[in-house]
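Visitor: Just so you know, the sequences run in chain order Y and P. Per our numbering, the first sequence runs over residues 3 to 90. Per our numbering, the second sequence runs over residues 1165 to 1273.
None of the hints are false.
What follows is a list of derived Cβ distance ranges for each label pair: (1) P:1196 x Y:55: 40 to 46 Å; (2) Y:89 x P:1198: 42 to 48 Å; (3) P:1220 x Y:55: 18 to 24 Å; (4) P:1265 x Y:57: 22 to 28 Å; (5) Y:44 x P:1198: 35 to 41 Å; (6) Y:27 x P:1219: 39 to 45 Å; (7) P:1177 x Y:47: 24 to 30 Å; (8) Y:89 x P:1176: 22 to 28 Å; (9) P:1260 x Y:47: 23 to 29 Å.
Simulated from the structure, these hints should not be mistaken for lab results. Glycine included, C-beta positions come from ideal geometry on N, C-alpha and C.
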Amino acid sequence: MKKKQFKKKSGFGLSSKLSQIGKKSCPLAKKNSEEINYKNIKLLKKYISDSAKILPTRITNVSHGKQKILVREIKKARALALLPYVGN
Amino acid sequence: MNIYEHTYIAAPEANKKDMENIENKIDEILKKSSGKICKIEDWGLRNLAYPIKKNSKGYYRNLYLEGDNKTIKAIEEFEKFNDKIIKYLSMKIKNLPKEDSELAKEKNK
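Bound conformation, chain P alone (with noise of 0.2 Å):
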């Protein structure tokens, strides 16, 4: 089992069921592969510093996960082909960080 850290950002336009349907798929992929959410950040609505798909902001959210590889494709491929989700990046980390990052701290401000 690995541990990774993964982000997607999505469109504005997406409202409230938008996103909890993206966050119950999800759940659901990883429920089939055993793994699991170890920690979540919402970073908000941010502004993007280069248009992406005509949109000039975004839903930022940060997942730190536990799983395989198969895990982790199996999100991609389903972040792929929605068309709510303009981005995402995902990669290995090798542990989990104590601490808040600087951009969850600046939304709760």
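Chain Y extracted, bound-state conformation (with noise of 0.2 Å):
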């Protein structure tokens, strides 16, 4: 008989909890993640969509303050022809 394995627990935060549901956490509230600015608009372009849309937060995963922020600097970049209002 082969014993069964169990797998290791990596750890006890939230994140790792989450992880076992498969629920994904914000994907800007990470530690290293970058600032998110009007300037940076490789970052922003993560978050539209192919027609120029801001993507919802049901598919991206981003918290809810953070969104909140970004469409205030995607706006902004907006506004300033670094990025489109209408895509293809």
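From the two separate chains plus the hints, produce the assembled complex.
Guide: Below is the structure:
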């Protein structure tokens, strides 16, 4: 008889618990994540669709507080023609 | 005194003289109202995401200013009636950033 092997728990924090359930945590709330700024276009482009709409948190998993900041910065970038209002 | 972040886009056909004139005029306005420039960033000639006044490119210049609300209003008034400037945006910030922005780094590459 083979002994059953149990998986070791990686930690006791909230993030490890969430990973066991299968929920993802906010990608912008991690320790080394970049600062949300309208000048950081590379980061902002991840959170807009092909037709330049802002993606909802249901798809991106961004927390409510970070989404508020993100939306404001995207709109600033749009005003300065760094990001488009309308895409393809 | 507040710290402001001010960006303006100049038309692509603007030559060196035009750009210098704009800089001198802003300096003049700042001197009058005892404001000063803390930091300047040049983002160079960039493609615009959408055409502004039939231009598809523009010279970006980013300034960090110290002054009153009247200072920033006077600068915006001047830029509104300058036909070499196609767009501007100014906003109040709390602290000066320590590092250069991504856009300035992009230009240096």
